[in-house]
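Trainee: Here the structure of chain B is known, so what remains is to put chain L in place on it, guided by the hints.
Chains as they are written, first to last, in the numbering used here: chain B, 1 to 282; chain L, 1 to 282.
To be clear, the hints were calculated from the coordinates, so they are not data collected in a lab. Hints are all accurate, no fakes.
Repeated chains share a single entry, so a pair holds when one copy, or any two copies, can fit it.
Simulated crosslink set (DMTMM-like; lysine to aspartate or glutamate; CA at most 25 angstroms straight-line):
no., residue 1, residue 2
1, Lys137, Asp176
2, Lys59, Glu165
3, Lys164, Glu112
4, Lys123, Glu76
5, Lys164, Glu110
6, Lys164, Asp56
7, Lys59, Asp169
8, Lys149, Asp72
9, Lys68, Glu53
10, Lys164, Glu108
11, Lys123, Glu110
12, Lys164, Glu231
13, Lys149, Glu112
14, Lys149, Glu53
15, Lys79, Asp14
16, Lys123, Glu108
17, Lys164, Glu53
Protein chains: 2
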Amino acid sequence: MIIYLNGSFLEHTDATISPSDRGFLFGDGVYEVTRVIRGNFFMEEMHMGRLREGLDGLKINVHNSILKSIPDISRELLKKNDLLGGEASVYLQITRGAAWPRTHVFPEPEAEPTIFLSATAFKPHTTLHETGVDAIKIPDVRWTRCNLKTVNLLPNTLAKQQAKEAGVDSAVMVRDGVITESPNANIFCVKKGELYTFPATNYILNGITRRVVLEIAHTLSIPVHLIPVREDDLYDLDELFFSGTTTDIQPVNQVDGRAIGTGHPGPIVRQIQKAFTERLHS
Amino acid sequence: MIIYLNGSFLEHTDATISPSDRGFLFGDGVYEVTRVIRGNFFMEEMHMGRLREGLDGLKINVHNSILKSIPDISRELLKKNDLLGGEASVYLQITRGAAWPRTHVFPEPEAEPTIFLSATAFKPHTTLHETGVDAIKIPDVRWTRCNLKTVNLLPNTLAKQQAKEAGVDSAVMVRDGVITESPNANIFCVKKGELYTFPATNYILNGITRRVVLEIAHTLSIPVHLIPVREDDLYDLDELFFSGTTTDIQPVNQVDGRAIGTGHPGPIVRQIQKAFTERLHS
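Here chain B stands alone, though its shape is the one from the complex:
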């Protein structure tokens, strides 16, 4: 597999960074994962926009010419890995760079940001989209700047691992008595034909797929409420589903072993899945 690192394309086994990289020492960086269908990037501009927001949020200065070159680098990377034909995903991470000595404050002079991209073949979770998944409910222990897509991802990895060890696919995270997110996807709730999802504040990542779902709901005239759903109301919902770049639209059948609605994917998630798949492949 060929990856891109700081100006070079090279075998991923040859790619190295310094242990003084602030990505390694502090998790001081941001990332994006973008879906690619036959060489076409899905919602690429929106991913690039969020990347810029994240860099601004962390005050990581990347020269505009470098940012502008990322789409070309991504395409070249796909080409080099022979991934222009089917489905793929591109991972992009930018950190504040390597600096010594280790200090919490930003290095002076500024370090050269580390820019890392990889591309892999992607196989959609078609079976899970069809059958739906089960989840556990866990406390949302993340920091309160979840709107930034940073690589400070320990709470997310620990939550996914906890779900796996519980024999389910994912988790529904709860903060202050309301449902926020899954460890790697947004959450939508359905009650009486209407959608409810956590508003785009600092308590969730404003997912690109989430934004597409909101557009689809508008098109389909499904009413949307950008208000959090209470943990106590979870089992009164008719439907629940996850949305995310690699998750797509994934119905949730059970949480902690108890059925949501009928315990099977409902009509609203099916409508949205259909519209989403069309849009993804358009």
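Mentor: Relative to chain B, chain L alone:
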């Protein structure tokens, strides 16, 4: 500078890790910083104990023989860097290791953990200990497992940078209306000759220096209350000080430009500084 990485001592400019290291991709690791005075490690066993707690917390499995070898590696590193004479600090980081493809869940089979140590000469902040420092008050935006000393350190780096840009040395972080920690030190409050500090829960890191201060307070018969101090009571305090491995005991004169007590280091912090310095050099 010679560093240690996964079994080898090498020039830090030659040291490389893979971009697929989970330390880089997720901040999936823990660290410790230990003070060394003329080759003697201060509170080494306590640091090693906390390291083990952190590894357990993240379920990173490091073979016991490797953990047991860390003190020897640390001493060898000091020797190789000619740091056995004066003051030094040793930085140790262990991550879950490099694994491909990138997945939130822990890699299967387990990856070989990445073990990184560096040692540098250390100059105590003697002037700041004498004069005291100023700080700003900021929201504590960290996750709620602050008891784990992980490299998910973005909130800490951003807070330190914010303090620097405000022209002060550090910050007093506030969560839910009470004072928790500074971005890289614990906080002690003094009122009427008695000490108050946040209890060792999941909302703070239980600092090694904090534990030493509690022992010193006991020896000096200074009453200690392990209860949080309210933000609203900040300016009614007589004294405020930070404690930490590289901070030592640092009086805080002002927060947001307003004096704490007299605005100068008070008698309690001076007593504790004196006892701490004796202990550090004993």
